[in-house]
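Protein chains in written order, with my numbering: chain Z, 26 to 364; chain P, 541 to 876.
Just so you know, the hints here were simulated from the structure itself, not pulled from any lab data. Errors might be hidden in some of the hints.
Just some of the chain Z residues that point at chain P, by a computed CB distance under 8 Å [stated by the list, open to error]:
hint	residue
1	Ile178
2	Ala181
3	Ile182
4	Gly203
5	Leu209
6	Pro336
Values in this document were obtained by computation on a predicted structure and should not be read as measured data. The beta-carbon is built from N, C-alpha and C at its ideal position, and this holds for glycine as well.
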Amino acid sequence: MIDVPAVTGRRRLAPVVAVALSAVALAALALCLGQPVIAPGRLPAVLSGEASALERVMVVELRAPRLLLALFAGAVLGAAGLLLQESLRNPLAVPELLGVSSGAAAAVALVVVFGISVPGAPLVPALAGAAVGGALTIMAVRRAVGPAAVLLIGAAISAALQAVLLTGVSLSDSREQGVLVRYLLGSLTGTTWSTVVTTVPGMLLVLPLTVLALPALGVLRLGDDTATALGLSAGAARVAVLAVGCLLVATVVGPCGPIAWVGFLAPQLARSVRPGAEARSWLVWSTVLGALLVTAADLLARTLLYPIELPVGGLTALIAVVGGVALAARRRRFKDALA
Amino acid sequence: MPRRGVWTVLTAITAFLALAQLMTGSSGNGPAALWGMLGDDVARQIVVELRAPRVLVALAAGACLGIAGCILQALLRNPLAAPEITGIGSGAVLGAVTATLLGGFSATPHGMIGTAIAGGVLGGGVLWVVAARAGSDPLRLSVIGVLISAVLSGITLILLTARPQSTGTMAQWLIGSLNGRGWAHWHALWPWLVLVLVAGLLIAPVLGLLSVDDDHARGVGLEPPRWRSAALLLAVVAAAAAIATVGALSFVGLLAPHAGRLVFGADHRRAIPGSALIGAATVCAADTVAQQLTTLAAAGERPLGIPTGAVTAIVGAVVLIRAARRLSTLTSGGQS
Numbered sequence: 026m027i028d029v030p031a032v033t034g035r036r037r038l039a040p041v042v043a044v045a046l047s048a049v050a051l052a053a054l055a056l057c058l059g060q061p062v063i064a065p066g067r068l069p070a071v072l073s074g075e076a077s078a079l080e081r082v083m084v085v086e087l088r089a090p091r092l093l094l095a096l097f098a099g100a101v102l103g104a105a106g107l108l109l110q111e112s113l114r115n116p117l118a119v120p121e122l123l124g125v126s127s128g129a130a131a132a133v134a135l136v137v138v139f140g141i142s143v144p145g146a147p148l149v150p151a152l153a154g155a156a157v158g159g160a161l162t163i164m165a166v167r168r169a170v171g172p173a174a175v176l177l178i179g180a181a182i183s184a185a186l187q188a189v190l191l192t193g194v195s196l197s198d199s200r201e202q203g204v205l206v207r208y209l210l211g212s213l214t215g216t217t218w219s220t221v222v223t224t225v226p227g228m229l230l231v232l233p234l235t236v237l238a239l240p241a242l243g244v245l246r247l248g249d250d251t252a253t254a255l256g257l258s259a260g261a262a263r264v265a266v267l268a269v270g271c272l273l274v275a276t277v278v279g280p281c282g283p284i285a286w287v288g289f290l291a292p293q294l295a296r297s298v299r300p301g302a303e304a305r306s307w308l309v310w311s312t313v314l315g316a317l318l319v320t321a322a323d324l325l326a327r328t329l330l331y332p333i334e335l336p337v338g339g340l341t342a343l344i345a346v347v348g349g350v351a352l353a354a355r356r357r358r359f360k361d362a363l364a
Numbered sequence: 541m542p543r544r545g546v547w548t549v550l551t552a553i554t555a556f557l558a559l560a561q562l563m564t565g566s567s568g569n570g571p572a573a574l575w576g577m578l579g580d581d582v583a584r585q586i587v588v589e590l591r592a593p594r595v596l597v598a599l600a601a602g603a604c605l606g607i608a609g610c611i612l613q614a615l616l617r618n619p620l621a622a623p624e625i626t627g628i629g630s631g632a633v634l635g636a637v638t639a640t641l642l643g644g645f646s647a648t649p650h651g652m653i654g655t656a657i658a659g660g661v662l663g664g665g666v667l668w669v670v671a672a673r674a675g676s677d678p679l680r681l682s683v684i685g686v687l688i689s690a691v692l693s694g695i696t697l698i699l700l701t702a703r704p705q706s707t708g709t710m711a712q713w714l715i716g717s718l719n720g721r722g723w724a725h726w727h728a729l730w731p732w733l734v735l736v737l738v739a740g741l742l743i744a745p746v747l748g749l750l751s752v753d754d755d756h757a758r759g760v761g762l763e764p765p766r767w768r769s770a771a772l773l774l775a776v777v778a779a780a781a782a783i784a785t786v787g788a789l790s791f792v793g794l795l796a797p798h799a800g801r802l803v804f805g806a807d808h809r810r811a812i813p814g815s816a817l818i819g820a821a822t823v824c825a826a827d828t829v830a831q832q833l834t835t836l837a838a839a840g841e842r843p844l845g846i847p848t849g850a851v852t853a854i855v856g857a858v859v860l861i862r863a864a865r866r867l868s869t870l871t872s873g874g875q876s
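Using the sequences plus the hints, can you model the full thing?
Structural data, given as structure tokens:
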């Protein structure tokens, strides 16, 4: 095992303070930046209704729900990423490579292209698609052995579902394509309070499930052979954790599309904040950092090329993959976990 | 089976599949229909101007992808390497999408091959630079390739939002399709196929050495980095030429060399043309299936042009899953 250097009180506290401060700063920026820009000092006035109607609508009706959805979506993706990575003991076990994101997106594409009327679209078909994608992966991996095989099988299913999605996009007419591009890319455009009301409760419901998955993670951490020797089923534990991970991802992809690779970077960040800690501690950190990551990315997507709005999923793919690799490349685990 | 027998059987299968593809289309399926069309002056134009080049493009693109995959698998010493999981495929896609957005010469078949090669070189170059720093562990290399692909396709998708009205055509192309491919595409593609096939055969003995380990190559006086970059460039050119012409047909570059090595073993002088042949047959078969599905679906109210890439991706996924399962059970002792 690795020797963990004794952590002093100050070193334990520093990241907590840094994260708390950046959370406050990001939230303030997300509420203030855009057209029109509102000075941070005026925020209390706007929120208490003492400002112009325009400012109030911008902040309360548009920016606040979007901030909230970004925070929750990021938190869920961060938690899901950690569960998937830990359960497969592979830093590349991300929703994008396990069939979950693309399953959800493909289902929505099919519903839109064929004009099927589904109650609760696009949320319900996305959930169903994510479940099918995840279930396909779980079913396909049941007889496979080892994390590398699971990852490869998941990637194959992802690619096939992505093909279904792309077929859907290529068959659709131009009016539908605006909707479908969101499911290729991931986006928080057009979030209102009604979006928040229909989506965030679902996320709040599934987040506590991660706590239930923690004991299973403990089993998996022993390694498949040790777990089997102790009479514990590594396979069953892995399927349970994967199922929770799929559910988490589905609640995000439904309303927002695949906000890609957040589930890769957030757990990496969590591990570098608390090296040598338990999965429990990483889960908390990954959740928090995922929330901040998506909020920051959405802020950039919204303001960088204003009035053009960039797809947040494209930005997170760029930021998270480059950042995640930079972090992971320093770790021996990155190499070992893939063997 | 004796060597020559294998070649005869494979060539016969490929010829049969190409013929089947020639007999497939919206204006009539089957040998009788084809015979009838050849007898009629107008219908013969359909065969000569639409179907024949489509078959040839399918064969050439499949062969290019097979060669690219075969070189990459030897180079990265990874039986599961392929253009789409090294950054080369998504680089080529990025190049070709940029060409489509720019228009003008770059959007012609020749121009698109050029920009796709540039994009593929970008993807392969990133792989090369990162790989040099990360050491030569093949497993690590292929992981890096997956990540480079993710970044490059992220950029491609962001570019897509720049012109929402052409999303449909772009999507056809991101997935890979032979719809509307004609003689112009064939004329742009075949010189590249000849080039990569000849160069591939020339480089094959070195590739065999590199696929074992660098010391063997050094032992006979070769410089592994130089040869490896040459081979990588060749793979980029092969993949980019195919991708620029028919789009990113996934899994062909993975499965063809995989099957090629099963049939022909590790001798790359035979594995390279073998993978080319299997790749060509795969794309022909996939396009025949896609066209048949299109005809079936056209019975509904809305005509659906099923892209060829949808078939290769789904069939390829099933085959890949079976292979991964078998591989994992075979090596389960050494895993994790």
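So, going through the hints one by one against the coordinates:
1. Ile178: 5 Å, holds
2. Ala181: At 4 Å from the nearest chain P Cβ, Z:Ala181 passes the 8 Å test, so the hint holds.
3. Ile182: 6 Å, holds
4. Gly203: 6 Å, holds
5. Leu209: 6 Å, holds
6. Pro336: Nearest chain P Cβ about 6 Å off; hint holds.
The structure shown violates none of the earlier numbered hints.
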